[in-house]
Every structure is written in structure tokens, then in C-alpha cells.
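Colleague: Okay, here's what each chain looks like letter by letter:
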Amino acid sequence: MNELTADNLQLWRGEQHVLRGIGAVVAGGQCLQVTGANGAGKTTLLRALCGLVPLEAGRICWRGRDIAVDAAAFHSELNYLGHDNGLKADLTATENLRYAAALRRPVRAQDIAAAMARTGVAEAAGQLLRHLSAGQRRRVALARLTLTGGSLWVLDEPGSNLDAGGHTLLLELIGTHLQSGGVAVVATHRQLALPAAQLRSLTLQ
Amino acid sequence: MNELTADNLQLWRGEQHVLRGIGAVVAGGQCLQVTGANGAGKTTLLRALCGLVPLEAGRICWRGRDIAVDAAAFHSELNYLGHDNGLKADLTATENLRYAAALRRPVRAQDIAAAMARTGVAEAAGQLLRHLSAGQRRRVALARLTLTGGSLWVLDEPGSNLDAGGHTLLLELIGTHLQSGGVAVVATHRQLALPAAQLRSLTLQ
Amino acid sequence: MAWVWFHRFGSPPHFYRLATRLTPWFAWPAALLCLAGLIGGLVLAPPDYQQGDGFRIIYVHAPAAWLSLMVYVVMATSAAVGLIWRMTVAYAVSASCAVIGASFTALALATGMLWGRPMWGTYWEWDPRLTSELLLLFLYLGYLGLRNSIDDVGRADRASAVLAIVGVVNVPIIHYSVIWWNSLHQAPSVMKFGRPTMPAAMLVPLLLMLAGFTAYFVALLLIRARGELLRRERNAHWTAEAAGATATG
Amino acid sequence: MSEQRVGFAAAAAALIARDLRLALRRSGDTLQPLGFFLVVTALFPLALDPQLSLLRDIAPAALWVGALLSSLLALDLLFREDAQDGTLEQLALCGLPFQGLLLAKTAVHWLLTGLPLVLIAPLAATALGAPYEAMPGILAAVLLGTLALSLIGAVGAGLTMSLKRNGSLLALLVLPLAAPVLIFGARATALAIAGEPLAAPLYLLAAFTVLSATLAPWALAAAVRIGLE
Amino acid sequence: MSEQRVGFAAAAAALIARDLRLALRRSGDTLQPLGFFLVVTALFPLALDPQLSLLRDIAPAALWVGALLSSLLALDLLFREDAQDGTLEQLALCGLPFQGLLLAKTAVHWLLTGLPLVLIAPLAATALGAPYEAMPGILAAVLLGTLALSLIGAVGAGLTMSLKRNGSLLALLVLPLAAPVLIFGARATALAIAGEPLAAPLYLLAAFTVLSATLAPWALAAAVRIGLE
Ligand code: HEM
Ligand SMILES: Nc1ncnc2c1ncn2[C@@H]1O[C@H](COP(=O)(O)OP(=O)(O)OP(=O)(O)O)[C@@H](O)[C@H]1O
Ligand SMILES: Nc1ncnc2c1ncn2[C@@H]1O[C@H](COP(=O)(O)OP(=O)(O)OP(=O)(O)O)[C@@H](O)[C@H]1O
Ligand SMILES: [Mg+2]
Ligand SMILES: [Mg+2]
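Chains as they are written, first to last, in this note's numbering: chain A, 1 to 205; chain B, 1 to 205; chain C, 1 to 249; chain D, 1 to 229; chain E, 1 to 229.
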């Protein structure tokens with residue numbers, strides 16, 4: 001059973017004590033919504049949960065096992081979307097997705113097309129990413145998310161630059177992910193309109 | 001009297017006819033809110049209004065004079081905030097603002113401190129920008145806006161990465177600017193809560 | 001069980017106290033040995049039959065040059081220890097080495113140049129030994145530059161440790177450069193296997209100076225490492241005690 | 001959830017294909033390190049008094065300094081862009097061996113800067129009048145040398161990846177480390193051109209390359225992980 | 001609205017101060033182009049057979065190739081970073097003469113790469129045994145040459161700014177343009193060291209520098225504006 005637990009996380013950034021004893025438990029089918037003012041430490045927390053930033057103290061477990069023990073196994077179930085999209089500006093949308101999928105699981109060309117159709121960037125498929133608008137790029141990043149799966153999604157303000165339709169789409173994608181037993185951790189400034197049973201909230205600072 | 005007029009703007013980007021005969025008139029004290037789906041052409045329009053992208057056809061006038069005629073005079077009244085913040089990651093917030101002000105108008109140290117206090121990043125004043133969170137950086141960019149003035153503000157999704165307090169602040173800043181007779185053009189995905197008399201709307205596509 | 005001493009050694013307060021206690025035990029011998037070496041070298045040793053009194057610069061040049069290499073090895077070793085066992089103390093030692101090593105390298109270069117003028121008729125030649133010693137200086141400077149470019153101490157420690165370890169390949173190259181190329185520079189006459197090829201009256205002061213320089217290096221290292229530790233651990237409570245102890249005692 | 005995973009080889013191949021595609025996208029870009037190398041070696045004769053004998057003497061040195069510098073110029077882009085746009089983070093989080101993936105990126109660097117040199121080395125050597133039997137020696141030296149340069153350079157690029165202004169810090173870090181390659185490589189080439197036995201420097205070069213091949217993957221992964229923090 | 005505006009001189013000074021501060025921020029960074037230059041000139045001797053006479057002959061060439069390359073390595077950062085973080089856009093939109101502001105940025109490049117060379121040139125020349133009277137000539141050559149290199153390099157950097165991977169394209173564009181500087185500079189230096197009259201190459205160098213100083217500002221502004229579109 002998927003479950004992410006964080007216990008008494010402590011982390012300094014420079015002189016600043018950013019994470020001061022954060023704890024959380026998110027079970028399969030649940031979404032942890034991380035909110036907080038600008039600079040509260042949402043991004044830092046999410047990156048720590050991915051194992052990108054070493055902790056000062058505390059423990060993060062995935063399915064009851066410390067993520068530091070077998071990082072590779074943990075990462076193969078993880079899907080992270082940061083403030084940056086993680087896409088190359090000089091590749092087309094399709095090429096970007098094909099490459100991203102090659103790192104995670106075998107997909108067919110029609111899977112890629114379907115993912116892009118789902119996120120509303122089907123007609124931009126052949127364009128270089130640098131020629132897409134900010135929101136279109138974010139949508140391609142969402143297409144990557146759906147395409148490469150993983151049972152733990154860690155999303156940092158996934159809705160930034162998205163229009164109203166994009167926000168609805170995002171909620172649908174998260175909903176589907178939770179339905180299939182996945183876990184999601186989402187940092188956001190905009191309340192997620194998910195059913196209360198699926199939503200855990202954590203407010204920093 | 002401040003007034004920005006755009007007349008039948010035409011612009012291609014690659015193969016795409018992005019701006020198809022856009023026209024608008026914004027008088028002093030008014031804000032033009034530009035909305036539209038992702039990829040509709042908001043950013044392109046704003047950059048064209050600044051004179052950064054050459055037009056295929058059409059005319060943009062500021063106070064009745066074509067902006068191409070005396071670009072320097074026009075630019076000295078313009079203040080642009082794009083998707084990027086226009087700040088150096090390796091300078092502190094204060095240094096960034098001091099430099100930005102030096103390009104536009106003489107300011108004193110306490111003006112800078114006041115601008116940062118206004119936008120809620122006073123305690124981050126001495127930190128390198130790369131060590132600030134995404135929202136804090138956006139707030140420093142807003143501080144630059146208030147500091148360097150100009151009677152025409154062109155803002156591209158100024159609210160991105162801002163928390164709820166940041167959005168309120170943004171509206172206040174725009175309100176003050178309009179009150180003093182300034183003109184604002186704002187691309188946004190989130191309806192601006194301004195009095196109807198101050199708001200003009202333009203929806204692309 | 002055998003590792004207990006190691007972990008004790010690695011605990012910053014313990015190391016700090018140990019370093020404080022050990023410093024005089026290296027500082028004084030350093031002064032005495034150098035004094036003895038200088039008297040032996042500058043007064044007692046006979047002039048060289050070829051170089052006259054010019055050769056006496058060797059008593060600074062050779063120890064400085066040896067130490068420039070040795071300090072690098074110490075720096076790289078402690079960096080490796082720091083990386084493997086995540087020991088703050090080892091990182092502090094490694095970071096303290098760089099400036100000392102760079103200074104010894106600069107000293108070796110400067111004395112070598114001064115010596116080269118009478119010996120080879122020029123201050124500088126692009127000779128392999130001289131050039132590779134210059135590269136060693138760049139290696140130290142690169143290490144310092146990398147550290148300075150990273151604000152976070154932890155990241156700076158780890159990144160510069162990687163560099164120090166990778167750079168260690170240069171040490172044997174500098175040492176053997178004289179043998180591999182037909183260099184202008186003196187081949188090793190002391191630091192080699194078998195019997196040294198130097199009269200005892202010259203050799204003994206040289207060895208004294210070498211011992212003195214080494215002791216001086218250790219003393220300096222202990223002092224600098226203490227400073228580094230205090231800087232790093234300024235939030236821990238033992239530092240307040242240590243500062244209090246220094247203030248009162 | 002689909003539990004079907006890709007293997008490491010397929011992922012590395014995709015990574016290499018992507019990087020090569022990015023390099024090729026700007027037409028003529030692959031040729032640039034080579035072009036740079038040619039220009040550098042062409043500049044020397046220009047800056048020198050036109051004495052052919054002198055030229056022949058310094059040719060090996062110019063060749064190797066050119067190789068080092070062209071490799072260095074291409075290095076800056078190796079990880080920096082990927083770090084900035086977030087794709088390097090994705091690479092670190094994909095659950096496949098990170099060392100291996102970074103080595104794949106290093107391989108691309110070699111394909112773009114080292115391989116062209118290996119291909120033109122015989123030509124250049126012939127032009128300088130190297131005897132025919134010297135070719136295998138020269139080829140081996142250039143092959144080993146460029147491999148070592150790419151490996152060492154990658155470590156330097158990893159270390160400076162997240163620092164802002166790295167142009168000359170990178171050079172300052174890499175050049176002293178790469179000096180042995182230069183020394184042994186130029187020595188071997190000079191001996192080969194002169195028709196003398198070159199086994200000694202070639203062995204040293206090989207030893208150095210093997211050493212960097214064992215140290216570099218570890219150092220590389222460590223450096224990049226620190227940069228990502 | 002406050003109609004009080006800053007003058008161009010004050011703005012250019014602020015820009016120069018900012019860029020110098022960025023370079024100085026990482027302490028020791030200003031010394032890095034110089035360090036790089038030293039490392040490059042140190043590499044040659046390593047790659048050469050240890051024949052000292054040969055070395056003295058190629059010293060002027062090595063000096064100028066080193067100057068060119070160290071200037072080139074620092075170029076990459078000249079506009080690219082500013083373009084990526086949006087500060088270049090702000091510069092273009094501030095209403096002050098754009099050509100002038102870009103020249104100010106070029107001046108920073110010269111201060112960081114050219115000036116150190118001017119300062120160490122007398123030292124290097126002495127070490128190579130140049131007669132005392134040759135100093136003014138060498139100084140003039142290095143001064144003019146580094147100025148020209150910065151100007152030409154800035155145009156190249158502007159041109160490739162909008163291209164993503166410019167490392168070696170930049171080099172390829174700039175190197176041929178910089179070749180005359182190299183030729184005349186090295187020639188003048190060699191003559192000065194040999195104690196011969198160097199007026200001819202020095203005048204040519206001066207003419208070339210003046211030419212680039214007149215053409216570069218215009219080309220620079222045009223190139224950067226296109227890059228910003
Ligand atoms: C800038 C110029 C010089 C540099 C950079 C330099 C560098 C070095 C280095 C690195 C060593 C230590 C070698 C090792 O431990 O393997 C050394 C040792 C030594 N150098 Fe120099 N040197 C220079 C000039 C000279 C000159 C001009 C002389 C005298 C002719 C000289 C005589 C010696 C001697 C006698 C030793 C001790 C060798 C031994 O016993 O191992 N050096 N030098
Ligand atoms: N340099 C370019 N070359 C080709 N097409 C471009 C270029 N720049 C923009 N486009 C295209 O122009 C269209 C409008 O882009 P623009 O960035 O103006 O959209 P936007 O309204 O700002 O969208 P968003 O809400 O996502 O920011 C997009 O379809 C984009 O693909
Ligand atoms: N590398 C760093 N060095 C020093 N301080 C840092 C560093 N990275 C982040 N910080 C500090 O940590 C705090 C938390 O930053 P973080 O990016 O996690 O905030 P956030 O909650 O994501 O904010 P936002 O809503 O603006 O994205 C900030 O005050 C920031 O200044
Ligand atoms: Mg954040
Ligand atoms: Mg936009």
C-alpha cells in the first residue's frame with residue numbers, strides 16, 4: 001500500500017531554519033496540499049521529500065522504508081514537477097516527451113499524442129518548446145506527468161501560468177491519479193478543489 | 001494626457017498569425033486587462049506594445065505619437081515586467097533595486113527600503129536573489145516597479161507565484177498607479193478586482 | 001569498538017580541545033628546529049664548491065617545495081575522510097590546508113626564482129618542474145576559488161573535497177617531472193630511495209629545516225582548523241563554552 | 001500502475017540521442033568544436049614568424065593545446081543548461097544509475113569534440129610529414145587523450161554547474177588537472193612525428209586515462225548531486 | 001510622476017559598477033581571466049620538448065593566443081545571462097542610448113580581461129628578456145590589441161546571444177575577425193623583444209582597433225536588438 005510519511009524534518013538553508021520539525025502522513029489515494037506564504041518553505045519541503053536536499057534531521061519513508069536506503073527504487077516510483085518544467089527549449093514538445101518517457105517506461109507514439117491531446121497542446125506537438133507560450137510549456141510538462149506515471153507525484157505550483165481551463169484539467173489529472181491509489185504532494189497558492197476525503201492539508205509557518 | 005492607442009496590430013510568429021488586427025485605447029487612469037487562453041498571444045501583444053517585437057502592420061501610439069518615432073522618449077516613460085523578473089540572481093535584492101533605479105531615476109536608500117517594505121520582502125533585502133523563493137523574487141520585481149515609476153506599466157502575469165497577500169498587494173499597487181493618472185496593461189489569467197470605471201478588457205482569440 | 005577513537009576524534013568539541021592542547025607542542029619545536037636548521041645551514045655548513053653561498057637558499061626552498069606537495073596530500077586525504085565519514089572536523093582540516101599549501105607553493109616558487117637568477121641566469125624558465133609547481137599553485141587557487149563561489153558551507157565542503165581528491169594525481173607528476181623529462185631542475189637528492197647524495201654538513205640542517213617546517217605546518221593547521229570549526233559550529237553550544245574558556249583563560 | 005520499467009541501456013541511448021539531436025539542431029553546430037580547433041591551430045602559424053621549421057617543432061604542442069581548449073569551450077554547456085531548465089533534476093530522479101547516465105552525457109561531449117580530432121589526426125600528421133608507421137601511435141594517443149580530457153572536463157563542469165559565472169573558474173579547475181594529458185599526449189605525438197619509439201609516454205597516457213576513467217564517474221556523480229541541492 | 005531622469009553617464013556608471021560587482025562577488029573571480037591566461041601560457045611549455053630556445057621564439061605567439069582565448073572564454077557570459085534573466089530587456093527599454101550602454105558592458109569585459117594583461121605585459125616581457133626601451137611599444141600593442149579583442153568579441157557575443165548553444169559558434173565567428181589583431185600584435189611584440197623597430201605592425205594594429213571601435217557599437221546594438229525580438 002502506497003504511503004508517504006515524513007517525521008520531524010529539520011532543514012537549514014544558509015542561516016535560515018526553513019523546515020522546523022515538519023511531519024506528515026499521506027496514504028494512497030490522498031493528496032497533501034502544502035500551502036504557506038511566499039518563502040514559507042514549500043519548495044524546500046518538496047525537494048527534500050524527493051531526496052534532492054539532504055536533511056539535517058528527520059526521516060522520510062515511502063511504504064515504510066526510509067527513502068535514503070534504496071533511493072533508486074523510490075525514485076522509480078516518483079514523479080516530480082518543479083518551478084521549472086524540466087523540458088528542453090530546443091526540442092519539440094513530442095521529442096521532449098519521447099525522451100522523458102524513455103527514462104521511465106516504454107510508450108508508443110500514440111500514447112504521447114494522447115497525453116498531449118489530454119493536456120490541450122495537441123496542435124503544438126511539432127513546435128520547438130522555446131516557441132510555445134509560458135502556459136503551453138506548463139501543459140507539456142503536465143503531459144509528461146501523465147505519460148511517465150509513478151505512484152507518488154510531487155508537484156510544485158503546477159498551476160502557474162495556466163488559464164482557467166488548465167486549472168480544471170490539473171484537478172482532473174490529480175483526481176485520476178488518486179483514484180488509482182496514487183499519492184500526491186502539491187504545493188499551491190490556490191486551494192485545490194478536491195473531495196475532503198482525498199485532501200490533507202499542511203500549512204507552513 | 002497619458003493615452004495608449006493600438007490600431008489594427010498584425011503580427012506573425014513563425015507560421016502563426018498571432019495578432020490579427022488588435023486595437024485598443026487606454027486612457028490615463030485606466031487599466032487594460034488582457035486575457036485569453038494559453039497561447040492566445042498575450043505576451044506577444046505586450047512585447048509589441050513595448051516596441052520589442054516589430055509589427056507586420058498597425059500602429060501603436062503613446063500620447064498620440066507613434067512609439068517608433070521617438071523610442072527613447074517612449075521607453076523613458078515605460079515600465080515593463082515580463083514572465084522573467086529582470087533581476088540578477090547573484091546580486092542581493094537591494095543591489096538589484098539600486099541598479100534598476102540608476103537606469104531610470106535617482107532614488108535614496110530609504111526609498112529602496114520603503115519599496116521593499118511595501119512589497120513584503122524587507123527582511124530579504126540583504127539576501128542574494130538566487131536564495132529567495134519564487135514568490136519572493138516576484139515581489140522584488142514588484143518593488144522595482146514601484147521604485148522606478150513610469151506612467152505606462154506593462155505587466156505580464158504579475159501575479160504568478162504570488163500568495164493571496166501578494167495578489168492583494170498587486171491590486172493596491174496598480175490602483176495607486178492608476179490614481180496618479182498612469183496607464184497599465186496587464187496580461188492575466190485571474191480577473192483583476194478593479195472598479196469598473198478603471199478597467200478595460202481585451203480578450204484574445 | 002576499534003572505531004570509537006575515530007568517532008571521538010571526529011567530534012568537533014573533542015577535536016577543538018585536542019587541537020588547543022597540541023598547538024604549543026608543535027609551535028615550539030617548529031621554532032627551535034628552524035632556528036637550529038638556520039644556524040646549521042647559514043653559519044656552520046661550508047659554502048658549495050660550485051655555487052658559493054648562493055646555495056643556502058635551499059634551506060628555505062626545498063622544505064617549502066616539499067611541504068607544498070605534502071600539504072596537498074594532507075588536504076586531499078582529509079577531504080576524502082570528510083566525504084566518506086561525513087566528518088565536519090575533516091572538512092575543516094581540509095579547508096584550512098588550502099591557504100597554507102598555496103603559501104608554501106608560492107614560497108617555493110619565489111625562492112626558486114630568486115635562486116634561478118644566479119644559477120640559470122633567469123628568474124623563470126618554462127621547465128617541466130617549475131611549470132608543474134605553478135600548476136600546483138593553480139590547483140590550490142582553483143580549490144579556493146571553488147570554495148569561495150559556494151556560499152553554503154556544507155556544499156562548499158563537499159564540492160571542494162571532490163576537487164581535492166581528483167587533483168591528487170598531480171602530485172606524483174610534479175615529483176617525477178624531473179626524471180621523466182630532462183629538466184634544468186635538480187633531481188631529487190634527498191627524497192629518494194637509497195642513500196642521499198649530499199654531504200652531511202649540508203644535509204643535516206636541511207633535514208632540521210624540513211622537520212621544522214613540518215611542525216610549523218601542523219601548528220598552523222591546528223590553529224586554522226580551530227577557527228574553521230568555530231565558524232561552522234557557531235550555533236552549537238560547545239562553541240559558546242569554548243569561546244568563554246578562551247575569554248576567561 | 002504499469003510496473004514495466006525501461007532498462008538502463010535504453011535510457012542512456014535516449015539521452016545520448018537527445019543530446020546529439022540538440023547539438024545537431026543548430027545546423028553546423030557539431031562541426032564547431034572541430035572548427036574551433038582548426039582555427040586555433042591555424043592561428044599559431046599566423047602569430048609566428050613564418051619559419052616552417054619552427055612550425056613543425058611546435059605542431060604537436062599546438063595540436064594538443066587546441067584539443068584541450070576546444071574541449072573546454074564545449075564543456076560549459078555540458079550540465080549547465082540541463083541544470084537550469086530542470087532536466088538534470090529529472091535525470092537524477094528517474095531511478096536509473098546516475099553515474100551511468102552522466103557518463104552517457106560525457107560520451108556525447110567526446111563524440112562532439114574528441115571523435116572529430118581522432119578522425120583528422122592522421123591527416124594533420126601526414127601533412128606534417130609523419131612517417132606512415134607512426135599513425136597507429138598517433139591515433140592511440142589522440143584517442144586516449146581526448147577520452148581523458150572529456151572525463152576530466154566533465155568533473156570540472158559538474159563542479160561549476162550551479163555557480164553563476166563559471167567561464168574561467170571552470171578553466172582554472174580543469175587545466176591543471178588536464179596538464180598530464182597534454183604533456184604525455186604532446187610528447188607521444190612529437191616522438192611519433194619524429195619517427196622515434198613512443199611507448200613510454202603512450203603508456204603513461206593510457207595509465208592516466210584509465211585512472212581518470214575510474215575516478216571520474218564517482219567524482220562526476222558526487223559533484224552534480226551537490227550542484228543540484 | 002517624477003520627471004527627474006538620470007543622465008546617461010550615471011546609468012552607464014551604475015551598469016559598469018553592477019557588472020564589476022557581479023564579477024567581484026565571487027572573490028577571486030576578477031583574477032580568473034588572468035589566471036586562465038597564465039595557465040594557458042603555462043601549458044605550452046609542458047607540451048613542448050624542453051628546448052628553451054624554441055620556447056623563447058614562440059613566446060609572443062603563445063602570449064597573444066592566450067590573450068585571445070582568455071578574452072573569448074569570458075565573452076560567453078557577456079550578454080547571455082542578461083538575456084536569460086530579462087535584465088537586457090530592461091536595459092533596452094530604459095530609454096537611454098542602447099549603443100552606449102552596450103559599450104559600457106564591453107568596457108567591463110575589457111577591464112576584466114584586457115587590463116590585467118596590460119598590467120602584466122611588462123613583467124612577462126622582462127622575463128622574456130625584452131630590452132627596457134621596448135616597453136612602451138609592447139604596452140601600446142597589448143593595450144590596442146585587447147581593446148580590439150573586446151570590441152570584436154562583443155559583436156560576436158551579441159550575434160550568438162539568441163542562439164542557445166553558442167560556445168564554439170561564438171569562437172568560430174570571432175576568431176577569424178580577431179586574426180588581424182593576433183598577427184599584428186604578435187609581430188609587434190616579437191619585434192619589440194628582439195629590439196627592432198615595431199612602428200609598422202603597431203600602426204596597423206592601431207588602425208584596426210580604430211576601425212573596430214567605429215563599427216562595433218553599431219553592429220553590437222543591431223545584433224542584440226535582433227536577439228531580443
Ligand atoms: C621557480 C623555480 C623553482 C621551482 C618551482 C622549484 C620547485 C621545486 C620543487 C617542487 C621541489 C620539491 C621536489 C620534490 O619533493 O619532489 C624542489 C626541490 C629542490 N629544488 Fe627547486 N625549484 C625551483 C628552482 C630551483 C633552483 C634554481 C634550484 C637550484 C639549482 C633548485 C634546487 C632544488 C633542490 C636542491 C631541491 C631539493 C631536491 C631534493 O633533494 O629532492 N630549485 N624544487
Ligand atoms: N518566437 C516564436 N516563434 C514561433 N511562435 C511563437 C514564438 N513566440 C510565440 N509564438 C507563438 O505565439 C503564440 C502566442 O504566444 P504568447 O506567448 O504570446 O501566448 P500567451 O497568450 O502569453 O500565453 P500564456 O498564457 O501561456 O503565457 C503561441 O502559440 C506561441 O506558440
Ligand atoms: N540556497 C538557499 N540559500 C539560502 N536560503 C535559501 C536557499 N533556498 C531557499 N532559501 C530560503 O528558504 C526559504 C524558503 O524558500 P522556498 O523556495 O522553499 O519557499 P516557497 O514556500 O517555495 O515560496 P514560494 O511560494 O515563493 O515559492 C526562503 O526564505 C528562501 O529565502
Ligand atoms: Mg516555491
Ligand atoms: Mg504569456
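Calculated directly from the structure, the hints in this document are not laboratory data. All C-beta atoms, glycine included, are put in the ideal place defined by N, C-alpha and C. Honestly, I wouldn't trust all of these hints.
As the list claims (entries may be wrong) - Simulated restraints, written as ranges between beta carbons of each label pair:
| no. | chain 1 | residue 1 | chain 2 | residue 2 | range |
| --- | --- | --- | --- | --- | --- |
| 1 | E | Phe8 | B | Asp7 | 44 to 50 Å |
| 2 | A | Leu171 | B | Arg20 | 30 to 36 Å |
| 3 | B | Ser180 | E | Leu20 | 49 to 55 Å |
| 4 | E | Ile226 | D | Arg21 | 21 to 27 Å |
| 5 | B | Ser180 | E | Phe8 | 22 to 28 Å |
Colleague: Work down the list of hints and note, for each, if the structure agrees.
Modeller: For each hint, the structure was consulted:
1. Between phenylalanine 8 of chain E and aspartate 7 of chain B the Cβ separation comes to about 32 Å, which falls outside the hinted range of 44 to 50 Å.
2. The hint said 30 to 36 Å for the Cβ distance between leucine 171 of chain A and arginine 20 of chain B, and at roughly 32 Å that hint holds.
3. A hinted range of 49 to 55 Å is violated for the C-beta pair serine 180 of chain B and leucine 20 of chain E, which are about 36 Å apart.
4. A hinted range of 21 to 27 Å for the beta carbons of isoleucine 226 of chain E and arginine 21 of chain D is consistent with their spacing of about 26 Å.
5. Our hint of 22 to 28 Å for serine 180 of chain B and phenylalanine 8 of chain E holds, since their Cβ atoms are close to 27 Å apart.
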